[in-house]
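Fit chain V to the given chain H structure using the hints.
Residue numbers (my numbering), protein chains in the order written: chain H, 1 to 150; chain V, 1 to 150.
Because the hints were derived from the structure by calculation, they are not lab data.
Output of the computed footprint for chain V on chain H, the stretches with three or more beta carbons under 8 angstroms from beta carbons of chain V: (1) 54 to 60; (2) 101 to 108.
Among chain H residues calculated to face chain V with C-beta under 8 angstroms, some are: (3) Leu48; (4) Val64; (5) Arg78; (6) Ala82; (7) Ala83; (8) Gly85; (9) Arg98; (10) Pro112.
No residue lacks a Cβ here, since even glycine has one placed at the ideal position from N, Cα and C.
Protein chains: 2
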Amino acid sequence: MKQAGCPLCESAGGDLVFEDAAFRVIRTDEGGFPAFYRVVWNEHVPELSDLAPADRALCMEAVVCVERALRTHAQPARINLAALGNLVPHLHWHVIARFEWDSHFPAPVWAPARREAPAAQVAHVAALRPLLQADMARQLCTLAAASHAG
Amino acid sequence: MKQAGCPLCESAGGDLVFEDAAFRVIRTDEGGFPAFYRVVWNEHVPELSDLAPADRALCMEAVVCVERALRTHAQPARINLAALGNLVPHLHWHVIARFEWDSHFPAPVWAPARREAPAAQVAHVAALRPLLQADMARQLCTLAAASHAG
Chain H
1 MKQAGCPLCE SAGGDLVFED AAFRVIRTDE GGFPAFYRVV WNEHVPELSD LAPADRALCM
61 EAVVCVERAL RTHAQPARIN LAALGNLVPH LHWHVIARFE WDSHFPAPVW APARREAPAA
121 QVAHVAALRP LLQADMARQL CTLAAASHAG
Chain V
1 MKQAGCPLCE SAGGDLVFED AAFRVIRTDE GGFPAFYRVV WNEHVPELSD LAPADRALCM
61 EAVVCVERAL RTHAQPARIN LAALGNLVPH LHWHVIARFE WDSHFPAPVW APARREAPAA
121 QVAHVAALRP LLQADMARQL CTLAAASHAG
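Isolated chain H, as found in the complex (with noise of 0.2 angstroms):
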């Protein structure tokens, strides 16, 4: 059920990297945060205790798919996750890869910036998201494949 008004109901949100039938998982271009993605359940449900518990699984699987991605091919220093929601009510995941030499570690991204991200160092994390995104699609298939035989 869509919620009109929903920036999330009406639209991808950002870049597609994968879409299924429960969910999808974005790109976001945050300025100088080169690796910033969201996974975004399709249904408009305002928080995770809202899923049943195998949609809670298959949402956080994504998640880690996502992370797993990030983790391998853009080796960053953390990744953050956050379910915040505050300014728009429709369950989304921020998957972030953080670098020690980002705008703004190691504050949160939501905190004043600490510095301004070297140019060089973004493009080189960008310039990794091709094959990085075909990595996490790939994964995110094998989990939404299993999430429909099971």
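Quick look at chain V alone, frame taken from chain H:
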């Protein structure tokens, strides 16, 4: 295995609400956020994807127990979930009840404050904690027992 110098290996990290072999739930006293909890995985692992699938599921279901108790008893505007660990790379989930009157809403708690949280509202939510935490512990106990049985 404990990691020397890690604050979540060397201490509980807050007021203990529930502890099992694999994880614990603590309440943290962050000014103006009267219902701010953390689910801490007891073993020192940095990221969610470092856990085995069954452990990931247990960890996330513990997060959901905390979320559910917060929603039932405190009726917040939103629940915020986050695993960041930029400063303490030991897997822990922030589970935060957010209210429209809180100091940062609708911004994340890591953004600059927008107002002072009204003391009466903070005190009202704080007064709900005994019952809320008893229910939270009961749910977590059931979850932990099922994980031992399974």
